[in-house]
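A.B. asks: Residues per chain are reported as follows:
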Amino acid sequence: MDRVAIAGHATYGFEGDTGQRSDTEMMLEASMAALENADVTHEELDSVIYTGQDTYDGAAISDGQRVSAAGGYRKPFMRVQNGGGSAIHQATAKILSGKADIVSIVATDSVRADPRKLSWTSHEALYHRPFGQSNDQSFGLLATAHQEERGVTVDELARVAAKNYEAAAENDVAHRQEAYSVDEILDAERVVGPLTELMLRPNSFGAAVCVLVSEEVAEAKGNARSWISGTGLSTDRYWYREMSRRLEQPTLEKAAAAAFDEAGVSIDDVDAAEIAAYSPTLELTSYEALGLCEEGASVSLVEDGVTAAGGSFPVNLSGGPLATSPPNAGGIYRAIAASQVIEGELGDVDADRVLLADNDMHLGEPGRTDAVLVLEGGAA
Amino acid sequence: MADEPDPSVQTGDVNPEYKYPFHWDLDFSLNIGEDNRKFFDAIEDKKLLGKRCPECGATFVPPQSVCVECYVETDEWVEVEQRGIVESYTACFFEFENLPEPPYITAAIRIDDSDICLLHFIDDIEYDDHYELVEKLHKGTEVEPVWADEREGHIRDISHWRPVE
Ligand SMILES: [Zn+2]
Numbered sequence: 001m002d003r004v005a006i007a008g009h010a011t012y013g014f015e016g017d018t019g020q021r022s023d024t025e026m027m028l029e030a031s032m033a034a035l036e037n038a039d040v041t042h043e044e045l046d047s048v049i050y051t052g053q054d055t056y057d058g059a060a061i062s063d064g065q066r067v068s069a070a071g072g073y074r075k076p077f078m079r080v081q082n083g084g085g086s087a088i089h090q091a092t093a094k095i096l097s098g099k100a101d102i103v104s105i106v107a108t109d110s111v112r113a114d115p116r117k118l119s120w121t122s123h124e125a126l127y128h129r130p131f132g133q134s135n136d137q138s139f140g141l142l143a144t145a146h147q148e149e150r151g152v153t154v155d156e157l158a159r160v161a162a163k164n165y166e167a168a169a170e171n172d173v174a175h176r177q178e179a180y181s182v183d184e185i186l187d188a189e190r191v192v193g194p195l196t197e198l199m200l201r202p203n204s205f206g207a208a209v210c211v212l213v214s215e216e217v218a219e220a221k222g223n224a225r226s227w228i229s230g231t232g233l234s235t236d237r238y239w240y241r242e243m244s245r246r247l248e249q250p251t252l253e254k255a256a257a258a259a260f261d262e263a264g265v266s267i268d269d270v271d272a273a274e275i276a277a278y279s280p281t282l283e284l285t286s287y288e289a290l291g292l293c294e295e296g297a298s299v300s301l302v303e304d305g306v307t308a309a310g311g312s313f314p315v316n317l318s319g320g321p322l323a324t325s326p327p328n329a330g331g332i333y334r335a336i337a338a339s340q341v342i343e344g345e346l347g348d349v350d351a352d353r354v355l356l357a358d359n360d361m362h363l364g365e366p367g368r369t370d371a372v373l374v375l376e377g378g379a380a
Numbered sequence: 001m002a003d004e005p006d007p008s009v010q011t012g013d014v015n016p017e018y019k020y021p022f023h024w025d026l027d028f029s030l031n032i033g034e035d036n037r038k039f040f041d042a043i044e045d046k047k048l049l050g051k052r053c054p055e056c057g058a059t060f061v062p063p064q065s066v067c068v069e070c071y072v073e074t075d076e077w078v079e080v081e082q083r084g085i086v087e088s089y090t091a092c093f094f095e096f097e098n099l100p101e102p103p104y105i106t107a108a109i110r111i112d113d114s115d116i117c118l119l120h121f122i123d124d125i126e127y128d129d130h131y132e133l134v135e136k137l138h139k140g141t142e143v144e145p146v147w148a149d150e151r152e153g154h155i156r157d158i159s160h161w162r163p164v165e
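Line order of the protein sequences matches chains Y and V. For the first sequence, the numbering used here gives the first residue as 1, with consecutive numbering after it. For the second sequence, the numbering used here gives the first residue as 1, with consecutive numbering after it.
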């Protein structure tokens, strides 16, 4: 037994507001739909993993309010704060170790916060706190380093965003569903450094649930939608060092190597990817860290349309985080999108193998954790 | 981030759409430890201190109690030169409460030959329009601290850094 299947998934939202729903209501709806989608009953569910952050769900540490809506009562229920990709990694480990056969991973986003206020609590480091270090500014620091060290222009950054919006326009559940042009992206309000509002993710509200099952369950029920054949995790230090090294995204590289090793494949065997890139800089540098191209060649992948929806290696057929970005549910949603690409439900690609690269960078880039999953097609 | 603040975020009455305002009001304190105390004591006297790793010789400004390359305790204190090199920077155009009026620059500054950077503000830069500010500095720009007149052992005892003429 070495495979875990994604047997079901569902989303609620994602938009600029919750549509008058509470987080538990959205979670309940998505959770019930995902179980039905997986052909699994609540009684059969062995364990629930909740993924979210205090600041984005408005409940300090306690998961208590969410247990019932997630169907987690009288079952092991745990929270993973490093993002949906990490939560799926842990759920997979749980199933592979024999601790569970059916695990659901749930997440929801419902809290709106005043954007003028900066939460120091989620950006630790004594010497950094009073300087306005927000998640966006950490992307700004990287964007500047990217421009200076690799000669990437602001137009090229805008083209990465435009590529994603073009894909998002075809995605029914995308938050930003407009195919913004390069000019519109460049003309949008500046936020940090060269990055405009349309080069940074929106805050989406909604819920996402994914149901994972063991190979035995998938065989018995015939409910595998895609298979998780490899997973990897890696975490970086929280500190500011050489920005060049940060552009290399060593944790993404390491997490991907672990996932590839477990799946017994290389990037050459992968057909498409969903990448949690919170700015165009991070998407371009991710291409390099994942081995899609040599260092400095990532811009040409966009210019040549390789990573566009119709290209030979589509990246973010969902539109990616620039189009849909619920901070808590983002990783789960991107895993769902990756599975949908394999299922033939998203984009027009014949993909046997799709890579998901997620991280917890909605809190900022330093000290990040990267999670990589390799998803494959094929019936149980 | 650049959205207009949602009025429902403000504390006050429940608004007609039944968005329920709430906030956390938690005061925290933490012991900053011996190394940080020594650093902040020195900063009050306009001195910058770092700590060195006995194994690889890396210097950490601000001081770190452990070298995370070698995972050994740093042991040697050094007073470092008050010069920094900009590793990266970003101009922020968004207004945060209790922070300078935008645009302002936050930079990762490598002090003397430190192995790590310190995040701080850079100011005293002349520019015409706000967007020019984005391209005003460079990786490698040399900067020096501008000390606050009144100091109290806080990182803002350095009011900001400015490019060296
Ligand atoms: Zn060392």
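Treat the hints loosely; a few may be bogus.
Below 30 Å or equal to it, Euclidean Cα-Cα: the simulated DSSO-like pairs (lysine-lysine) are [stated by the list, open to error]:
(1) Y:Lys221 to Y:Lys99
(2) V:Lys19 to V:Lys136
(3) Y:Lys254 to V:Lys47
(4) Y:Lys99 to V:Lys19
(5) V:Lys38 to V:Lys136
(6) Y:Lys75 to Y:Lys99
(7) Y:Lys254 to V:Lys136
(8) Y:Lys117 to Y:Lys254
To list a few chain Y residues with every Cβ distance to chain V over 10 Å, as calculated [to be verified]:
(9) Asp136
(10) Ala143
(11) Ala145
(12) Glu148
(13) Glu149
(14) Glu189
(15) Glu242
Hints were generated in silico from the structure; no laboratory data involved. Predicted, not measured: the structure shown is a model, and the values here were computed from it. Each residue gets a CB set at the ideal place from its N, CA and C atoms; glycine is no exception.
A.B. asks: CA of Lys75 of chain Y to CA of Lys99 of chain Y, is that 30 Å or under?
C.D. replies: 12 Å, holds
A.B. asks: Is the hinted pair Lys221 of chain Y and Lys99 of chain Y satisfied, with a Cα-Cα distance of at most 30 Å?
C.D. replies: 19 Å, holds
A.B. asks: Evaluate the condition: distance from the CB of Glu149 of chain Y to the nearest CB of chain V exceeds 10 Å.
C.D. replies: 7 Å, violated
A.B. asks: Holds or violated: are the alpha carbons of Lys99 of chain Y and Lys19 of chain V at most 30 Å from each other?
C.D. replies: Roughly 40 Å between the alpha carbons, so the hint for Lys99 of chain Y and Lys19 of chain V is violated.
A.B. asks: Taking only the CA atoms, is the gap from Lys254 of chain Y to Lys47 of chain V under or equal to 30 Å?
C.D. replies: Answer violated: Lys254 of chain Y to Lys47 of chain V is near 39 Å, above 30 Å.
A.B. asks: Below or equal to 30 Å on CA atoms is what counts here, so check Lys38 of chain V against Lys136 of chain V.
C.D. replies: Violated, at about 34 Å.
A.B. asks: Since Asp136 of chain Y was said not to touch the interface, does its Cβ keep a gap of more than 10 Å from each Cβ of chain V?
C.D. replies: Asp136 of chain Y is in fact no farther than 10 Å from some Cβ atom of chain V, at 5 Å.
A.B. asks: Is Glu242 of chain Y truly not at the interface, in the sense that its beta carbon sits beyond 10 Å from all beta carbons of chain V?
C.D. replies: Violated: least Cβ distance 7 Å, not greater than 10 Å.
A.B. asks: Taking the shortest Cβ-to-Cβ distance between Glu148 of chain Y and chain V, state whether it exceeds 10 Å.
C.D. replies: Its Cβ does come within 10 Å of chain V, the nearest being 5 Å, so this is violated.
A.B. asks: Would you check whether the claim that Ala145 of chain Y is not at the interface survives, using Cβ distances to chain V and the 10 Å cut-off?
C.D. replies: 4 Å, violated
A.B. asks: With the threshold set at 30 Å, check whether the alpha-carbon distance from Lys117 of chain Y to Lys254 of chain Y stays at or below it.
C.D. replies: 34 Å, violated
A.B. asks: For the pair supplied as a hint, Lys19 of chain V and Lys136 of chain V, confirm whether the alpha-carbon distance does not exceed 30 Å.
C.D. replies: Violated. Lys19 of chain V to Lys136 of chain V sits at ~43 Å, over the 30 Å cutoff.
In terms of the numbered hints stated before, the structure departs from hints 2, 3, 4, 5, 7, 8, 9, 10, 11, 12, 13, 14 and 15, listed from lowest to highest.
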